[in-house]
Each structure stands twice: as structure tokens, then as C-alpha cells.
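Asks: Residues per chain are reported as follows:
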Amino acid sequence: MQLLYLLIEIIVKCVVVFAGLMIVVAYLTWFERKVLGHIQIRFGPNRCGPFGLLQPFSDAVKAFFKEDLVPERSDKVVFVMAPMISIIAAISIFAVIPFGNQFTIPGTEWVVKLRLADIDVGLLYIFGVASLGEFGIVLGGWSSGNKYGLTGSLRAAAQMISYEVALGITVVGVLILSQTLRLTEIVRLQEGGFWNWNIWYQPVAFVLYLICGLAEINRTPFDMPEAEAELACGFNIEYSSMKFALFFMAEYAHMVTMGALAVTLFLGGWQPIIPQLSFIPGIVWFCAKLFIFLFFFVWQRGTYPRLRYDQIMKFGWKILIPLALINLLITALIVSLKG
Amino acid sequence: MAETRLMTINMGPQHPATHGVLRLVLELDGEVIVKAVPHIGHLHRGVEKLAESKTYHQVIPLTDRLDYTNAMGNNLGYVLAVEKLLGIEVPKRAQYLRVMMAELQRIAAHLIWLGTHALDIGAMTLLFYNFREREEVLRIFEEVAGGRLTPTYMRIGGVSKDLPDGITDKIWSFVRAFPDHIKEYETLLTKNVIWLKRTQGIGIISKEDAINWGMTGPSLRGSGVKYDVRKAFPYSSYDEFDFDIPIGSVGDVYDRYIVRLREMEWSNAIVEQALERLPQGPILSDNPWVALPPKDHVLKDIDALIRQFKIASEGFQPPKGEVYVSVEASKGELGYYLVSDGSNRPMRMRIRPPSFLNLSALPKMIEGSLIADVISAIGSIDIVLGEIDR
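Same order as they appear, the protein sequences are chains A and B.
Just so we're aligned, residue 0 is where the first sequence starts under numbering that gives the first Met the number 0, counting upward by one.
Just so we're aligned, residue 0 is where the second sequence starts under numbering that gives the first Met the number 0, counting upward by one.
Calculated from the structure, these hints are not laboratory results.
Every residue gets a Cβ at the ideal spot worked out from N, C-alpha and C, and that includes glycine.
Any given hint could turn out to be false.
[As the list claims (entries may be wrong)] Residues from chain B that face chain A, not an exhaustive set, calculated with beta carbons under 10 Å:
| no. | residue |
| --- | --- |
| 1 | L27 |
| 2 | G29 |
| 3 | M123 |
| 4 | T124 |
| 5 | L125 |
| 6 | F127 |
| 7 | A371 |
| 8 | S375 |
[Claimed, not checked] In silico DSS-like pairs for lysine-lysine, Cα to Cα no more than 25 Å straight-line:
| no. | chain 1 | residue 1 | chain 2 | residue 2 |
| --- | --- | --- | --- | --- |
| 9 | B | K34 | A | K146 |
| 10 | B | K48 | B | K299 |
| 11 | A | K317 | B | K190 |
| 12 | A | K146 | B | K363 |
| 13 | B | K230 | B | K53 |
| 14 | B | K160 | B | K83 |
| 15 | A | K313 | B | K196 |
| 16 | B | K169 | B | K91 |
| 17 | A | K61 | A | K75 |
| 18 | A | K317 | B | K196 |
| 19 | B | K53 | A | K313 |
| 20 | B | K34 | B | K363 |
| 21 | B | K48 | B | K83 |
| 22 | B | K319 | B | K83 |
| 23 | B | K53 | B | K319 |
| 24 | B | K83 | B | K309 |
| 25 | B | K160 | B | K363 |
| 26 | B | K91 | B | K230 |
With the rest of the complex left out, here is chain B:
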């Protein structure tokens, strides 16, 4: 018999289905994957190091760009960490606004995931439907925060702006229409035999393995682990909202897909509750050392003007110490570890990116399966390289 050799194939960093600049080195026996090694670092921008040379407020825009599909959620994690360091309270209205925006962002992020995942498997039409709904979310962000992809909406101690006039109607109309859109996606995919063939039983990762590899978020819940930071360690008043954590059973691509679809529905429900129960009151903490004074005060009052100038130029000095705060981002548990040396800049900011740990479990899922399954599996763990490389 002739001697056979394994074929090494380099998938990425420029490849239509590796979601950015992931590079996978695959060793193939025919079409079967013998070994898969992910290589990262092509999108490294040094966010953690950059943060050390910026004041606490200036770091917020950097976090927008970590997982660029989930800017609001990233903001939220960071400001919560700084607030914990400072020990300040955030007004209820600001907390509700944060939750509302973070959940809208989760819907938008999951829509991108669904579209690209379906496109990878060949169902290209869904992407456009998803982007239609995502556009509505982004328009809401644009009106609320002024930005679409990177809104930088959260502030330390609250949020940057209150809701503009008329936006609640737009959010309501989105929230009411969205469940029907999910049904529309499901008719295209969930009931499609080809889709089921491509997702069921593919990229299986067991409960134990998923925990051992440190997976979090929908990718972990797809394996049947009921862990969600929003429920386990509630932050920003999440304990006042009524929602469930959808979980899968097998831990295959299909389960992760269903979990994310159900999560979008629950996010939608949370936005609805936040809208219904939105309390009145200030949107920014009244701590004079941290929060910028209101603009009309600045224009009339010299004290306020000086405070504005001081906070904008040199920031504030939190006490010495270190904190770790994690939030449920759209991809999983996003953690911020901040060390303060008492100056106006973080001495060290370490980010625990959910995609990084989810990606590390990818070889476990795909070894022994076919090339086409790699694509389904990468899509199903929903990685964003901006967050992995930071």
C-alpha cells in the first residue's frame, strides 16, 4: 500500500468563515481533522496596556472595541468595576437604562452571530434579515447615545444621556415586533432538514469538558450548565427582572443555536420589563468627585465649571486596591480586573474575554470531525477576535 501522509491546511487568518482573523492550522486525513491548533494575535491592539496610560474615564471607549458586537455590555462591565473600586452607588434609573441597553445590545450581537453562522453553513439569506433588525437596534443606540457600533454610552456613576423624546415608542415597536422575527428565522432554519443535519450532533462538548475548559455564556449553557452571571451574581438590578436561563442538553452546535435564540427572546422580555418599570430620577451619581456636573450648571456656576474641568482633564483618584467584576456579555462571562495605585490611571487592567476561553475548547469539539464541521463549530461558539486578542 502506498504511504499516506496527513495534509496540513492553514485556515485563516484570511478565510471567509473564521470570523475575523482567527488562524487554524488543521491536520487533515482526507477530510477528517486529526489535529486543530488555533493561532491568535492577529488583531492585538494592546487594549490592556493602553488602559494604563489613560484616565479611568478615557478607558471606556477602549472597551467598546473589545468585542465590537457587544459594546454596551463591555462598557457595563468596566464601569461596574470602577464603581466597585470607588464604592459609589448608581441611581436606579441609570441601572435600568444600562440593563435596557445591554440587553438590546445582546440582541444585536446575537443577530450578527445568527446571520454569520447561517451564512457559514450556506443559508445566506438570513444574514440580511438579521441585519434588518440589528439596524433598528443600532438606530435606537444612535438616538440614545450618539454612536452606533461604539456608543460609549455608560459613564462611571451612571450613563451619559437620558432617553431622548420619542425613543420609548421606537423601542416599544421593536420589542413588540421582535418575537415574530425570531419565528421567521426559525421557519428558515429550525425546521430545515439540511440545517438540522449540519448542526445536530456536531461539535459536541460535554458538561464536564465545557466547565473544565472555562467556557461561559451560551456556549456553556448549550452543554446544559445553568450558569449565567446575571442570575448567579446579579449586578445592575438584574435581580429585579424576571427572566429564565435557557439551556441545552447535548452540547452540540444545534443546542448552542437554540440557546441563543431563546436568549434573544428573554433579552427582549427584559427590555420590555425595563421599559415598563423605568424609574424616574437622575441618570448619574451625585458624587462630585466622579460624575460630571450637569451642563447648565457648568454654564452658570464657577464651582461646577472647575469641577467639570478637573474631572475632564485629570480624572479622579480611586483608593488603592484591586477589584474583579464580571458581567454576562453576549459571548459569556466578561471580567475586568482592575488594580489601582491611588493615581488617576489604572495601574493594571486585565480583561477576561469569554471568546478566548470558548475558543480554547474548539479543538476538543472538532477533532475527529470533517472540515465542514469546523465551520459550524466556529460559528456556534461565536468568537470575536477583537476580544480574544484585545
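Extracted from the complex, chain A is given alone in its bound form:
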């Protein structure tokens, strides 16, 4: 009986998390267009439903009904697989993100933990799966048989490898502090008000994480694989219909996970700002903090120009990685001195 309940709980949680993530992703596109619109003295979507709130659905319907073209000269199997790899990786990262603590179902003793999986190598899992997602972009551009796509995917490969190194080293600082890879544990260690959050102990790492995160999700100063002005959309140039939409969704899902991970690692996850406010459910705190990051991702897109490919590589290898290493070294030193 216990096993059956457990199974039901897992299935329900899977469905809820998946649906929730998809809704967040859908409304992130709406949110981005709305915010960018207001930054750019426009209105953004406002025709479809009140405040354009139905826009994501009409976009989805449109994407489904578009003709799905597969170029003659493409590597067809890889071409079809690439968007799937992207979206699967982007969604499965969310399995280990703890978006709330736990609650007891009223009238029973059944405790529901607000995360899909609480594995003890959570952070490693995230990095592993996230870099798997890059295969989608690399293979997608390469298999489409288009020179712009090829250039885009070459850039994607180079950029993501170099920024993943920096991102990884950055996060190690947090790991040294919390001595665990388990994300729930990292959140618990930041309990007791905002002064206990990792952002105060690892400010450099936090900034580096944001920069590398932007590169990781291909946002504006680093949107090399896409570079719409020079590569005419780069890796996804030959994609149409739902395949294109999948890439798009993967990008936004990745954005959400990057934000969620930042919340978990640096801003105390589901913990309230001060302990007195703990009557507000953790998931609300989590979403509020996530929102700050999502807004940041959109905001800087409206502000910055795009860097050049070689400048990005130089920036990654010559500035970010050394800084991350220094940060790691200092953290390790302090932690070991404190014993």
C-alpha cells in the first residue's frame, strides 16, 4: 500500500512539475516580450486575450500547424534528434531542483517533499545533463547542412565548453562551503535569514555564475550560436514548425533552470528573507527569487550589444576562469584555516 502511494505521489509530482515548468516557459516568452516591449517604448503582445496573456497558446498552435521542413541535404536522423536532446536535457535538469521544503497532506501523515529527486550528487547531475543539452545545439546546426548553421554550432561547441569550465569552477566555491553536492542540503545550510545566504560568502562566485550562466543559456552578450544579425539565427536556421519551437522551449527552460540553480546555490532556495516570514510557503519565496533572475535575464538583453566570438572566448579563458580559480583558492584557504 505504501509503495502504491509512493508511486502515485511520484507520478503526480512529475506531472505537476512538468506542467508547471511548461507553463513557466510559455509565460516566460510572454514576459520577455512584454518587458522588452516596455523597455523599448512599445506595448509588447496585447492582442491575444487580456494583456496578451493568451499569446503563448496561439504561438504554440501556430508552431504546430506550420509545415515541418527537413532539408534535403541534412543528416535526417540527427536533424530530428537534435531538438529532442535539447528539450529533454533542459527539462530533466529540473528534476533535482528543490523548489520548496515539504508539507503534510491534511488529515494524513503523508509527507510530500517538494522536489522530484533528492539525489546526493545533485549538482553533478545538473552539470552533466546541462552539457548534454548543448549537444542538441551542436548537432542541430551541424546536421542541417547549412553553412550558417555549421558556423553557429561550431561557435556553440567552443563557447559552451569554455564557459562550462568556468561555471563548474565557480560553483566549487559553494561546494567547499557547504561540503555537499546535495541541493536540499545546500539550501538547508543557508537557513535563518538572508544574512546566511551564500551570496554573502561567495559574492565573486555569484557574479561569475551570472556571467557564465548567460553564456550557458546563450543570452545576449553571448548569444553567439544564434547571432541573428550575422549568422541569420545560426544553428536553428533550417528548423521550422515544432522542431524550432522545441529549441525555443529548451532555451527558455534552460533559462529557468539557470535561475533556479542560482536561487538554490546563492539565495537560500525556498528559505524566507527573515525567519519571521516563514509562514509564507517556501514555494512562493522560491518563485519570487526566481523571478528576479528571470527579469535580469530579460533586462540585460534589452540593454547590451553582442560581443564578438573571439572576444567571448578570450573573456572566458583569460578573465573568467582565472577569477574563478582565484576565488576557489581563497575560499579553500579560508575554509581550511578555520578548520
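Add chain B to chain A, keeping to what the hints say.
Replies: Same frame as chain A, but now just chain B:
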């Protein structure tokens, strides 16, 4: 070692950053450009040939469509050429109005350039700010001339209409607010490290090369050559205005960007001076063979009616001869070479488009640099294909 081959990539004619229908064939070694060949002609409409079958007045709307961001300036060059052919004087008020409109148009044209250039480099927000100000200029044009993109405001011997009531206030409010808007653009770009990284030291062309390739306008001045037709060969009373010619030093994308920004400020100052000192008087030459008679005369006076009919239907016949007149358009030196055989239609009209010559120097700027620099360089020479292909 494996054999390596160069990749040939066809950039355009349908490409988001080639400003219309420019086609560039790039040979790439990785991301480095080995060779770049611009191909033109996708927007050819035969303006020069069309002009041969139209009367002198009917050619004016054609010139609007050459560089469609700079219609007033194109009008101005053409009417000046015909006036030189005819040897007629233009009233002072008309000259000032022409200068005012041409400079407002220069601001509008540079705003489009700035927006699209920034968009190409990835700063997409600026475009909307630029179009906000450009809209004000276009509204002024709409009230003054009746048209926005293609106003066809100039006439041979003057301008089509005098300023309507209340428009001076609108122009004043634009002129007063505009310097602050330029500051706003500069906070977004000039002080932005990423922008500087993408523009400084990119697409360099030396002084000598720029002259040898026949570059003109802001693209030439970015390389440090102080040449501006408005100063060198003043026309339409430009010598009565007080303005400076901004120049760059290195000749890179950044210099051309700064030159255009400063030029907008000076254009703004010229508009201000024109408004302050706008003389009273007629707006059209009183030459009865060329200029249309005033409308109230036409309605009352049979002579005027006949003149109106004659000029509108068959135009006028300038003496035999040929002239060349050039003006400083927003992209550079725009020249008109007119040959008259004594009939009412030009026998030949040849246009010297500034963008065409500026574009020819593009391969010189970008060979050896990266794909992303091509985009910056194309943006920085500010080409309009309507003018290149004519």
C-alpha cells in the same frame, strides 16, 4: 595534416544585416574573411533611364526614391542641378527652407543608421528610441510637404509649399529636445564596453585609401579627411550657417559612429539657425517659364491658367548644355550630371551615389577580420541599396 579548404558563404541578398539586398560572397577560413566580393543590382529600378522619359519636374519624385532615407537631400541635389542648367536664382526664403528640411532629413537618416547599426551589433533597444525621434521629423515633413518618406518637397526654382501655421513651434520643440536624446543614445552605446570592443579598431580604412576609393561623407570624415561639400562648395546659402565638420582620427567603425553622432548635433544647430534667421519673401522663383504661378492667380487670371497648364503638361526647355552639381547627402557626396539637348526632358541624367563608392571600399575594410566585423563595417558605412542600384 588534413587538407583544409576555404568555405564560401553567401551573405545576402536576404540577410538580416546586409541593409536591404546587398549580396556579399565571403570566402572564410574558419571565421576569418579571406576575400569579400559585394554583388549589387538586386534593387535596380532604372531611375537614370526613367528620367530620360520624364519632364524635368517629373523627375523629382524619382530622386526621392534613390536613398529613401534621405529624400529631401536627394531632391535638393537634383533641383540645384536643373537650376544651374536654367541659370535661375532661388529666393532666400526657399533656400533657407531647403537647408532646414535637408538638415532635418539628415538627422532622420542618421537616426535610421544608428538604430540599424546598433541592432546589427546586438543592441536592439536603441532602434526604437531612434524611431521615436525620427517619427517627430517625419511628422514635421508630413505637415510641411504632405509626405513622410517621399515628401517631394523641393521644386525647380524653390519649394512646393511655405511652412504651415504652428509648425515652427513643433520644429523648435524638436530642436531643443534633440541634444538630450543624443546624450541618451551615448549613455547606451558610447560608454558601453561591449560596444567599444565591437567598434574600436574594426574596419579600419586609412586616409589615403579612403580618398583613393572615392569615399565621401561621414565614412570619409571618419578617416580624418575634412571634406564636406557644404563647406567646400557651399550651395543653397550653406555659407551663411555656422557649423563645424566633425572628423575622426583612426578611420574605424567607432570613428564613423562618433562622426555621425556629432553631425546630427551640427545638423540640429543648422536647423536652429535657419529657424532663427528665416527670411520673409517668396518661396518660389518668379521665372514665369519654370515656376508654377500661385494658385489664386490661376483661378482668376487666364494668363496664369495657361502658364500653369503649359508648365504642368509639357514642362520647360532648358538651354542645351550639361551641368554637374553635387550636394552633401546623408551618406556622402551625391552628384547629379544632367545633359540637356534643349528639349523638355533630360537627355541623360547620371547620378553619383555616395553609397556605391563607399561600398566599393568595404572589402578593403573587412578582409582579414571576422564575420562579426563584416556586420559592424557594413553598418558603419551606412549604405542604402536603393541608391547603389538606382
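Asks: Which earlier hints can't be squared with this structure?
Replies: Per hint list: 10, 13, 19 and 25 violated.
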